[in-house]
Amino acid sequence: MLRVEARARLGAFALDVVLETPAGRCLALAGPSGAGKTSVLRIVAGLLDPRHGRVSCGDEVWLDTAAGIDVPPERRRCGYVFQEYALFPHLRAWQNVAYPLHDLPRRERRRRALELLDRFGVAHLADARPRTLSGGERQRVSVARALARRPAALLLDEPLSALDARTRASAGRELAAVLRDSGVPALLVTHDFTEAALLGDRVGVIDGGRVVQVGTVAELAAAPASTFVADFTGAVVLTGIARPGPDGLTHVALDGGGDVASTEPGDGPVAVSVHPWEIVLTPADTPRSGSAQNHIPVEVTSITAVGNRIRVGLAAPQPLTAEITDASARQLALEPGARAVATWKATATRLLSR
Amino acid sequence: MRVSRRGWFPVLLAAALTVVLSFLTLPIVAIFVDTRPLDLLSSLGEDGALEALRLSLLCSTLAVGLIVVFGTPAAYLLAMSRFRGRATIVTLVELPLVLPPAVAGIGLLAALGPKGLLGGLIQDAGVQLVLTTAGVVLALTFVAAPFYLRQAQSAFEALDRTWLDASRTLGASEARTFLRVAIPTAGPGLISGLALAWGRALGEFGATLMFAGSFRGITQTVPLAIYERFSTDFTGALALSTVLVAVSAALLLSVKLLSGSAWLGGAAR
Numbered sequence: 001m002l003r004v005e006a007r008a009r010l011g012a013f014a015l016d017v018v019l020e021t022p023a024g025r026c027l028a029l030a031g032p033s034g035a036g037k038t039s040v041l042r043i044v045a046g047l048l049d050p051r052h053g054r055v056s057c058g059d060e061v062w063l064d065t066a067a068g069i070d071v072p073p074e075r076r077r078c079g080y081v082f083q084e085y086a087l088f089p090h091l092r093a094w095q096n097v098a099y100p101l102h103d104l105p106r107r108e109r110r111r112r113a114l115e116l117l118d119r120f121g122v123a124h125l126a127d128a129r130p131r132t133l134s135g136g137e138r139q140r141v142s143v144a145r146a147l148a149r150r151p152a153a154l155l156l157d158e159p160l161s162a163l164d165a166r167t168r169a170s171a172g173r174e175l176a177a178v179l180r181d182s183g184v185p186a187l188l189v190t191h192d193f194t195e196a197a198l199l200g201d202r203v204g205v206i207d208g209g210r211v212v213q214v215g216t217v218a219e220l221a222a223a224p225a226s227t228f229v230a231d232f233t234g235a236v237v238l239t240g241i242a243r244p245g246p247d248g249l250t251h252v253a254l255d256g257g258g259d260v261a262s263t264e265p266g267d268g269p270v271a272v273s274v275h276p277w278e279i280v281l282t283p284a285d286t287p288r289s290g291s292a293q294n295h296i297p298v299e300v301t302s303i304t305a306v307g308n309r310i311r312v313g314l315a316a317p318q319p320l321t322a323e324i325t326d327a328s329a330r331q332l333a334l335e336p337g338a339r340a341v342a343t344w345k346a347t348a349t350r351l352l353s354r
Numbered sequence: 001m002r003v004s005r006r007g008w009f010p011v012l013l014a015a016a017l018t019v020v021l022s023f024l025t026l027p028i029v030a031i032f033v034d035t036r037p038l039d040l041l042s043s044l045g046e047d048g049a050l051e052a053l054r055l056s057l058l059c060s061t062l063a064v065g066l067i068v069v070f071g072t073p074a075a076y077l078l079a080m081s082r083f084r085g086r087a088t089i090v091t092l093v094e095l096p097l098v099l100p101p102a103v104a105g106i107g108l109l110a111a112l113g114p115k116g117l118l119g120g121l122i123q124d125a126g127v128q129l130v131l132t133t134a135g136v137v138l139a140l141t142f143v144a145a146p147f148y149l150r151q152a153q154s155a156f157e158a159l160d161r162t163w164l165d166a167s168r169t170l171g172a173s174e175a176r177t178f179l180r181v182a183i184p185t186a187g188p189g190l191i192s193g194l195a196l197a198w199g200r201a202l203g204e205f206g207a208t209l210m211f212a213g214s215f216r217g218i219t220q221t222v223p224l225a226i227y228e229r230f231s232t233d234f235t236g237a238l239a240l241s242t243v244l245v246a247v248s249a250a251l252l253l254s255v256k257l258l259s260g261s262a263w264l265g266g267a268a269r
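Going line by line, the protein sequences match chains A and B.
Take the first sequence: its position 13, counted from the start at 1, is 13 in this note's numbering, and no numbers get skipped.
Take the second sequence: its position 14, counted from the start at 1, is 14 in this note's numbering, and no numbers get skipped.
Source of the hints: derived by calculation from the structure; they are not laboratory data.
Note that the structure is a prediction, hence the values are computed from the model and not measured.
Possibly wrong hints are sitting among the right ones.
As the list claims (entries may be wrong) - Distance ranges between label pairs, derived from CB positions:
id	chain 1	residue 1	chain 2	residue 2	range
1	A	R119	B	A87	47 to 57 Å
2	B	E174	A	G135	55 to 65 Å
3	A	D103	B	R86	55 to 65 Å
4	A	A23	B	E174	53 to 63 Å
Unchecked claim - Take a look, some chain A residues computed to stay more than 10 Å from chain B by CB distance:
id	residue
5	G24
6	D59
7	D70
8	R119
9	Q213
10	T216
11	A253
12	P269
13	D285
14	S289
15	A316
16	P317
17	E335
The beta carbon of each residue, even a glycine, is placed where N, CA and C say it ideally should be.
Input sequences plus hints: build the corresponding full structure.
As structure tokens, then:
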């Protein structure tokens, strides 16, 4: 369990957060740039000292301003993946990975480094300098380096944002596997909600130095605590396997059951995203009509007013969220437990390979 | 003939460069043109010439060594931290840059001479600085240090701080980060600062003369030897000048080559 409590003055705003994430789980902090996300990671790593704070990982206390404890960064055992990866330019790829292993003999260091590079499929680049590597290769070397010291916690700062769209999908998949297998608590920071949804077991939305809401993606989308969270969470994200259909559309078999169509191309594992305001709810027993292609039977789980709109949480094999007006909600007599059909158009269905 | 379509300004720029280049290289060219190889050999064989060269190399190497050992961590601190009075300290460190060499010599005498501020302490310790080889090293260090410090400070300031942060999170202490990341990545900047300081030390004249005097074999470096010959033996002075130019140029060149070479490779991202 990684626990962070911090209060600090950061330039124009005050940071005030309390967060925790258990071992083997990733908490993704999402928010606009300048929200204080990176500062949280720096406080955990010991690179930034808050005025008041407490950071603990397992039974180690890394920071406790009240008790006068402040463990220096080199003894906190954080695997930190920096935004632009921060590979040392004067060292070869394997030397970068071996850097944290300085107490091992040279031969052993190289062996361990090559092993890690091999795990990420970049062992052939061991002798390359960082400036000759592509973005995706740098990212892999950087993750390998962060894991070299067997960290007690993983900290990732926008790990995918320096990559182009094509590399991002495969790198994201790899990273998800790393987070799953690491067995340590992970804190990931991103400005992109979809990225947070794909990599985080839970997502914390942070704005203006405060954590506005923490929950699973479905919880955040279905019952956003504020209009900021509602706008920021934007799309509902579902996962599934895509295959091109004979009708020119892409058909996605959703994990857990159900099938949706999209006009976007895709093949293999994908993330399907659709905005809550594009989902239409109809009573369960009405015949299908209209031009929309995608129909999923659902059960209403929650109804939350957000400004002049209503967020409706829906249970399906993968949870969904619809956004409707107050008038529609009353007309449909929606209440928790009611059955309905969620409908949306194939043209409103975006696909992202993962 | 048609005037170039690119206009008069590029012509002006080229003309300015031509003037600058001729003015700056003419004296150096003249030294080589006026020196006959035979004179060069005979003057080197002359009493004191080789001695002066040996002394120049020895003292400037020692001075540069002192400058690097003390200057590198000092410049790192100045580059990395923000504290009250930092600007003042930076200015004080750079002050010797604008000090006339004669003033530097007087200053050193007033501080470390027999009747100087610390003169008593130094004499009690049984150390003799004035009119000794140690005095030459001290004078060279004083005059050349700011050249290195300035360069080193800006080289450290230009570093990507996330490299240093990354090093810390990867288990390296502050000291290890300084040695293994900051120094190698700032390498080219440090080396060019070192070249500047060494060049300045090799050519130092005024402060050395005033503080250490000009005794053959003890404090007479090449510039002092040149000055001594200048009134009586112009050919000899010219020959020694040739040697000094050659040594300085070789030094500058090898440093430039070194900073571009493979062991620092990749320091530029």
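Consistency of the hints with the structure:
| no. | hint | verdict |
| --- | --- | --- |
| 1 | A/R119 with B/A87: 47 to 57 Å | 49 Å, holds |
| 2 | B/E174 with A/G135: 55 to 65 Å | 30 Å, violated |
| 3 | A/D103 with B/R86: 55 to 65 Å | 36 Å, violated |
| 4 | A/A23 with B/E174: 53 to 63 Å | 30 Å, violated |
| 5 | G24 | 21 Å, holds |
| 6 | D59 | 20 Å, holds |
| 7 | D70 | 13 Å, holds |
| 8 | R119 | 18 Å, holds |
| 9 | Q213 | 29 Å, holds |
| 10 | T216 | 29 Å, holds |
| 11 | A253 | 42 Å, holds |
| 12 | P269 | 32 Å, holds |
| 13 | D285 | 58 Å, holds |
| 14 | S289 | 57 Å, holds |
| 15 | A316 | 42 Å, holds |
| 16 | P317 | 40 Å, holds |
| 17 | E335 | 51 Å, holds |
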